[in-house]
Amino acid sequence: MTVNRRACLLFALMAAALLAVGFGQSWSLSLTILNLCLISAIMSLGLNMQWGYAGLFNVGVMGFAALGGVAAVLVSQPPVPAAWSAGAGDLGLTVLALIATIAVIVMVRRAMPKGPLRAAVTFVLAIAGYGFVRIFFDPATEAIEAVDPSKSGYLGGLGLPVIIAWPVGGLIAAGAAWMVGKIALGLRADYLAIATLGISEIVLAMLKHEDWLTRGVKNVAGLARPVPYEIELQTTEWFLALSQTLGVSPTEASSVFVKLCYALLFTAVLLAVLWLAEKALHSPWGRMMRAIRDNEISAEAMGKDVTRRHLQIFVLGAAVVGLAGAMLVTLDGQFTPGTYNPLRYTFLIWVMVIVGGSGNNWGAVLGGFLVWFVWVEAEPAGLWLMDMATAGMGADSPLRAHLIESAPHMRLFVMGLILLLVLRFSPRGLLPAQTRH
Amino acid sequence: MSFLTAQNMVGGYGGSDILKGCTIAVERGEIVVIVGPNGAGKSTAMKAIFGMLDLREGQVRLGEDDITGLSPQERVRRGMGFVPQNNNVFSTMTVMENLEMGAYLRDDDWSQTLEQVLALFPVLGEKRQQAAGELSGGQRQQVAVARALMTRPQVLMLDEPTAGVSPIVMDELFDRIIEIRNTGIAILMVEQNAAQALAIADRGYVLVTGENRFSDTGQALLENDEVRRSFLGG
Amino acid sequence: MEDLLNAIVLLCNFVIVPALAYGAQLALGALGVTLIYGILRFSNFAHGDLMAFATMIVILVTWVLQDAGIGIAPLPTALLALPVGILGAIAISLVTDRWVYRFYRERKSAPVTFVIASIGVMFMLNGIVRVVIGPDDQSFADGSRFLLEVGEFREWTGLKEGLAIKMSQALTLAVAVLCVGALFYFLQRTRAGKAMRAYSDNEDLALLSGVDPARVVFYAWVIAAALATIAGTLYGLDKSFKPFTYFQLLLPIFAAAIVGGIGQPLGAIVGGFIVAFSEVMITYAYRKFLLYLLPQEWVPDGLVQLLSTDYKFAISFVILVVVLLVRPTGVFRGKVI
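So the protein lines, in turn, are chains S, L and D.
Position 323 of the first sequence, counting from 1, maps to 323 under this note's numbering, and the rest follow consecutively.
Position 214 of the second sequence, counting from 1, maps to 651 under this note's numbering, and the rest follow consecutively.
Position 206 of the third sequence, counting from 1, maps to 877 under this note's numbering, and the rest follow consecutively.
Read the hints as simulated data drawn from the structure, not as lab findings.
Hints may contain errors.
[Stated by the list, open to error] The calculated lysine-lysine pairs, modelled on DSS-like cross-linking and capped at a C-alpha distance of 30 Å, are:
hint, chain 1, residue 1, chain 2, residue 2
1, D, Lys837, D, Lys910
2, D, Lys913, S, Lys208
3, S, Lys208, S, Lys151
4, D, Lys959, D, Lys831
5, D, Lys779, L, Lys457
6, D, Lys913, S, Lys218
7, S, Lys182, S, Lys279
8, S, Lys218, S, Lys151
9, D, Lys913, D, Lys837
10, S, Lys279, S, Lys304
11, D, Lys959, S, Lys208
12, S, Lys182, S, Lys208
13, D, Lys910, S, Lys218
14, D, Lys779, S, Lys304
15, S, Lys208, D, Lys910
16, D, Lys910, D, Lys959
17, D, Lys910, D, Lys831
18, S, Lys114, S, Lys182
19, D, Lys837, D, Lys959
[Unchecked claim] With the Cβ distance kept under 8 Å, some of the chain D side facing chain L (calculated, not the full set):
hint, residue
20, Lys865
21, Ala866
22, Arg868
23, Ala869
24, Asn873
25, Leu876
26, Ser880
27, Gly881
28, Val882
Being a predicted model, the structure only gives us computed values, none of them experimental.
Backbone N, C-alpha and C define an ideal beta-carbon position, used for all residues, glycine too.
Next comes chain S alone, as it looks inside the complex (with noise of 0.2 Å):
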């Protein structure tokens, strides 16, 4: 069977599945399953990009995942006027004894010949020149952080709509991106692995303790919506009478129609970066990405720039999950650092990008698609097997009990056994990328 073919075939069974849910469960869960179906499709695209046409190991996913989502945030909610006053005057300062500070280490720098002095200076200057800053910063973040904590302690948004945020999204990832890159880069896959690891937990735990930027653990919800509210619509006079023809109770009807919004927006966007990808897969910088990927050697010595090609697509790979990051908070409403974890936002993306097909753009969609629908599936399925496993031991056993309390845990073991399966047997994954000769 070719490739393409195959690919239908996957993809109708896959479209097949989805309607099965709608069908055998209720159309808004379908209908929330494929919402983040085409996210985590975006985010395994953005992935593949790094992975498949570069090979760059990158376990930094959740990190820009992260900030893009801080997007939606920052452009979305109203600015707080109050804390703007309170803590402006000094934030400003600390901007400029930043670029103070740095200004003095790189005069120092360019002033003394280089060595293990130069380095011992430049380390006491970095560490007294953190000192003033905090001078400036300290006082910032608790004048805005004492603005009205219940409800604000932060700074807000810039109060556009929300849709902006997701190329900002992409493009605070790729910022990020971009300075990771230009640290960890030449290194091996395993430590860019490592290196891009310990990103990501930091950016988490900026996201989690900078109350005065994101309100932290106090989450934000309510963020604006591209899409109209559910009870707008349960009031809309065509809304109704359109529920009415369809014969279903307008709470329902809204609640599906909400959601096929965020569907056709999320199919576009995901339609966009597809054929995008595509373009550039195919396209004489897209082969050039492969020669390096498959020998660095020789084509570092045909005189192609390794590390800077190498810089370009991680800032773009991560762009694009910058991007879905941004979505993914806005089809969630709010912000909640606390629930990002490597093993969902990082690891599972992984598990996409290889059970489709690395370096296949219509195998990491596919991959998005599958491993996401399996990760929900895989909760109800875990429960009825271990209910079903458990049948005999009577209904007030604690193990029974615990056993059931804990099987969506379940998926995790499914997850990891997928993706050995798939590693083992059919190492290219489900779409393998074409090769030409």
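Given chain S's structure and the hints, the job is docking chains L and D onto it.
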């Protein structure tokens, strides 16, 4: 029939054959040198004889036995020693530990072998507690040869033992190799320094594109005009 | 003079003692990572979850023993359960090697394939642990809590500051010293240990010397699993057991292994202490310490804390980056990966 005979070897990496039916034989107490231009398949022939490369055709015999199908480890057990060209010592381990690793397969008392080896390479005794990676190039080669001798081999195979060492060290190393030969061990080596190596060789093979071009005594090859012109640089 | 003593005691109590214990735990974990890297040549992302899995077994056995009233007070019962945990960890390691890694070893796959496979193993172990014991905190420490209490110390020295040494901390150091001693004896003195070092140093030459790779790999897993169990149990006794925390330990453990020079056992130990001391020292609030040493008006108002404890991962990471930029082979010249 010689003690070690590799007959009509055909094989290589992937699809293409590097060895195209060459034959190499060594007798006990004899130094045999393989020389030839770059890419002639000298090192490949060594690897094939030691079982690190599967042959498509041909046969390797040690004494009475056909060893063509045996793994390198099994060949070590049967009395073959090999000194690879690169990375031929355990650089993070001491000289003494390198020698111990040489004797890894032996479960008899090898203290006598150790004495003999140290007598042959006295400098190793002085540096026995030093990490092999910290030694000079020539001393590292001595460690490598000494390690291979710890198994008490009947055949010692050396892949370019003098690569990258100074001429003085090379002469010194060749002297040791002659001493080893005099204990009755068969020695087979590949050499880039062809003229010097043929001078100490009992017999030599000139390999070109995976085939035997000349084979004669070392002296005769040195005196052969065509060999001199083509392979020994005048 | 007394102020100086008080300051030193304060620092001992809040920085040196905790960092020593934490450093020993990291060192034991990093030894496992470094051994696997040295022999199997990949970074094992499942190591944190192997620690969690092993500790889970120890906890379950401890509970059974506690219910049966078996204990070795003042030492924690978990020590009795440790051998079972070690056996469990060895068993699961050998099973994963047999079913997962061996296949790729035989095909001589790229290291990155092993790493991805280890991510799969990580997921599975993580799932098992969460299903069996749940994702929450579990406490299993018993026996006496302190070896030296603050009150005792104050009475004994007459100082204002007290020094407490938790049983778990003392135990950690004692066990770590024993383990490291035994490991180094094994690696330096025994035939099998030397074979392991030889294999890690130069695989081809070790094969030529007759070292059996299957045996070396077996030893590597056995030792790494035993160390992971011990490290995980000690960490759990000292702090607490939570599956996710163990996963997160991966970062400081890798940092320790790389700082010391990956593949170098001695480096893993030094690296463990470097990471632990940096983490504790940088996140400690020095205000009280400074108050003992400086006139009051010189001491700044804040906590005098370089970095909030929330950012302790940043420290592992910064150490990692500095090492990679300044000396990529690590302190003890390990392999460059």
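Hints versus structure:
no., hint, in the structure
1, D:Lys837 to D:Lys910, "holds, 11 Å"
2, D:Lys913 to S:Lys208, "holds, 20 Å"
3, S:Lys208 to S:Lys151, "holds, 17 Å"
4, D:Lys959 to D:Lys831, "holds, 12 Å"
5, D:Lys779 to L:Lys457, "holds, 28 Å"
6, D:Lys913 to S:Lys218, "holds, 23 Å"
7, S:Lys182 to S:Lys279, "holds, 26 Å"
8, S:Lys218 to S:Lys151, "holds, 9 Å"
9, D:Lys913 to D:Lys837, "holds, 20 Å"
10, S:Lys279 to S:Lys304, "holds, 21 Å"
11, D:Lys959 to S:Lys208, "holds, 27 Å"
12, S:Lys182 to S:Lys208, "holds, 25 Å"
13, D:Lys910 to S:Lys218, "holds, 26 Å"
14, D:Lys779 to S:Lys304, "holds, 28 Å"
15, S:Lys208 to D:Lys910, "holds, 22 Å"
16, D:Lys910 to D:Lys959, "holds, 24 Å"
17, D:Lys910 to D:Lys831, "holds, 26 Å"
18, S:Lys114 to S:Lys182, "holds, 21 Å"
19, D:Lys837 to D:Lys959, "holds, 22 Å"
20, Lys865, "holds, 6 Å"
21, Ala866, "holds, 7 Å"
22, Arg868, "holds, 6 Å"
23, Ala869, "holds, 5 Å"
24, Asn873, "holds, 5 Å"
25, Leu876, "holds, 6 Å"
26, Ser880, "holds, 5 Å"
27, Gly881, "holds, 4 Å"
28, Val882, "holds, 6 Å"
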